[in-house]
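Now for the letters of each chain:
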Amino acid sequence: MKKLINQPENSLNEMLSGMTKAYPDYLKRLEHTNVLVRQNLDNQKVAVISGGGSGHEPTHAGYIGTGMLDAAVAGDIFTSPTPDQIYEAIKAVDRGRGVLLVVKNYSGDVMNFDMAKEMAEMEGIEIDSVIVNDDVAVEDSTFTTGRRGIAGTVLVHKIAGAAAERGWNLQKVKAVAEKAITHIRSMGMALSPCTVPSAGKPNFTLAEDEVEIGTGIHGEPGTHREKIKTADEITKELFDQIQADTPFKKGDEVAVIVNGMGATPLMELYIVNNKFHDLLKTLGVHIHQTFVGEFMTSLEMAGMSLTVLKLDDELKSLLDDSADTPALKIIKH
Amino acid sequence: MANLNQVVGALNLAADIIEENKQHLTELDGAIGDGDHGINMSRGFSFVKKTLSEGGFETVADLFKKCGMDLVAHVGGASGPLFGTAFLKASMVLKDKTEVSASDYLSILKASVEGIKMRGKSDAGEKTMLDALIPAYEAGAEVEKQEKSAQEVLKAVKAAAAKGAEDTEALVAKKGRASYLGERSIGHQDPGAASTALILGAVSDFFAAS
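If you read the protein sequences in the order shown, they are chains A and B.
If you count by our numbering, then the first sequence holds residues 1 to 333, one letter each, in order.
If you count by our numbering, then the second sequence holds residues 1001 to 1210, one letter each, in order.
The set of hints was computed from the structure by calculation and includes no laboratory data.
The beta-carbon is built from N, C-alpha and C at its ideal position, and this holds for glycine as well.
One should not assume that every hint holds.
Chain A regions said to be covered by chain B (calculated; three or more residues, Cβ under 8 Å) [unchecked claim]:
(1) 71-82
(2) 190-204
(3) 289-297
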């Protein structure tokens, strides 16, 4: 293992300290916790909290700021945060107008956030949650706990955050976040594995000429392995799987993400985006907004994911609202 | 069957057994999960040990509640809320008891099964810790019905939990990360079932030796 770290067990703590030192205008750390909260908590609005395992930077704390998250709770690397930590975040950012938890569909995340929600309810805090499940690689059936939440989650942060910033009540913020979730589809792939520092070795192996299709954001298995193909062919393969699930049609308006998993250069992501756009355009789908870059990574895993969010007028207008966070800035025109 | 000090002893032994098997559990998880079950459980139980050594609890229920919170706060992942819920449910069953009988132990197991089913939205046969816990409870209850000794009940629980954990090898995972492997999960023991069997085995061994 060759990594720019100190003691593996200190990585999380040092990363959070480093983040707060990088963005003092945006972030502050709750003492004795792995919770980062927004500097300015003065405005009376619904609070939006997200969180999950670390190793996915800039997710989650990178999205703390105006128009997105009020707090992010960091678990250990690839491990969900614990309820006591989530509960601290809830108490810190609740301004009496309620709290929405944005959770990715991983059983650990769901259960820990559920327990924290129960703790907050017992304290009389108005609280609700939404579960993001955008990954089409894993079918929702009785055989799984449902689809994973992956990079599309960032768009849910954006939309829920914008709705909260507008002063909407908790019920409405939750409803629009859920609407976004039903309209998001993603699919990813891996070119090479990543190594969790405490484990010290890659959590899967791929031959030099192999790729894993449909992998999640923890280097966990996808749907299958195959020989590497061209960027265009792989992009089409992922896109076809998204289309097979919920076809996007002529006249649809969408926002898309080409998300890098940590070790894939922007050049390659743009090459993917080139094909991705052509595929959508051929179908007659209008692309309203494109995000290319690293939004939800998997340590140093190489690979990428495609995300498509179908917009309506409400979602489009919330997506266009200004956002000012360390990792995502949107200037309203 | 057991007073507060003996319960402390049994939990201490369970914590030691988890620590001893840290590597093994992590390897089981590496095959079908994300490879950190042993690390997480060992971290959680090291806090349980600390709580046990500090003392200061008045009832067994108190003790279970504190240990449950330790597990929830320090295991993380899915195992934290699941094992934590089991301990918290056990605490509720015990209320202000000062002694734990064999039938109390079975009530603990039953409450744990129900708590875990609720928390994990899962059931038997899905390649989870329940596949060790449910047969363990059932075997214990069966022996107790025959009015046999507490030792016999504990032994039956241990044996059924171990067998249940081994039998998860043949199952297709339907919960958690392993579920994404589908058929590929066959042939691997579920790490949560394995750690459950280790804990129940330790409890049995503690009382067999004491």
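Evaluated hints:
Coverage of a stretch by a chain is defined here by at least three residues with a beta carbon nearer than 8 Å to that chain's beta carbons; for the segment 71-82 of chain A and chain B the count is 7, and the condition holds. For the segment 190-204 of chain A, the stated coverage by chain B is satisfied: 4 residues place a CB nearer than 8 Å to a CB of that chain, which reaches the threshold of 3. Given as covered by chain B, the segment 289-297 of chain A fails the check, having 0 residues with a CB less than 8 Å from a CB of that chain where 3 are the minimum.
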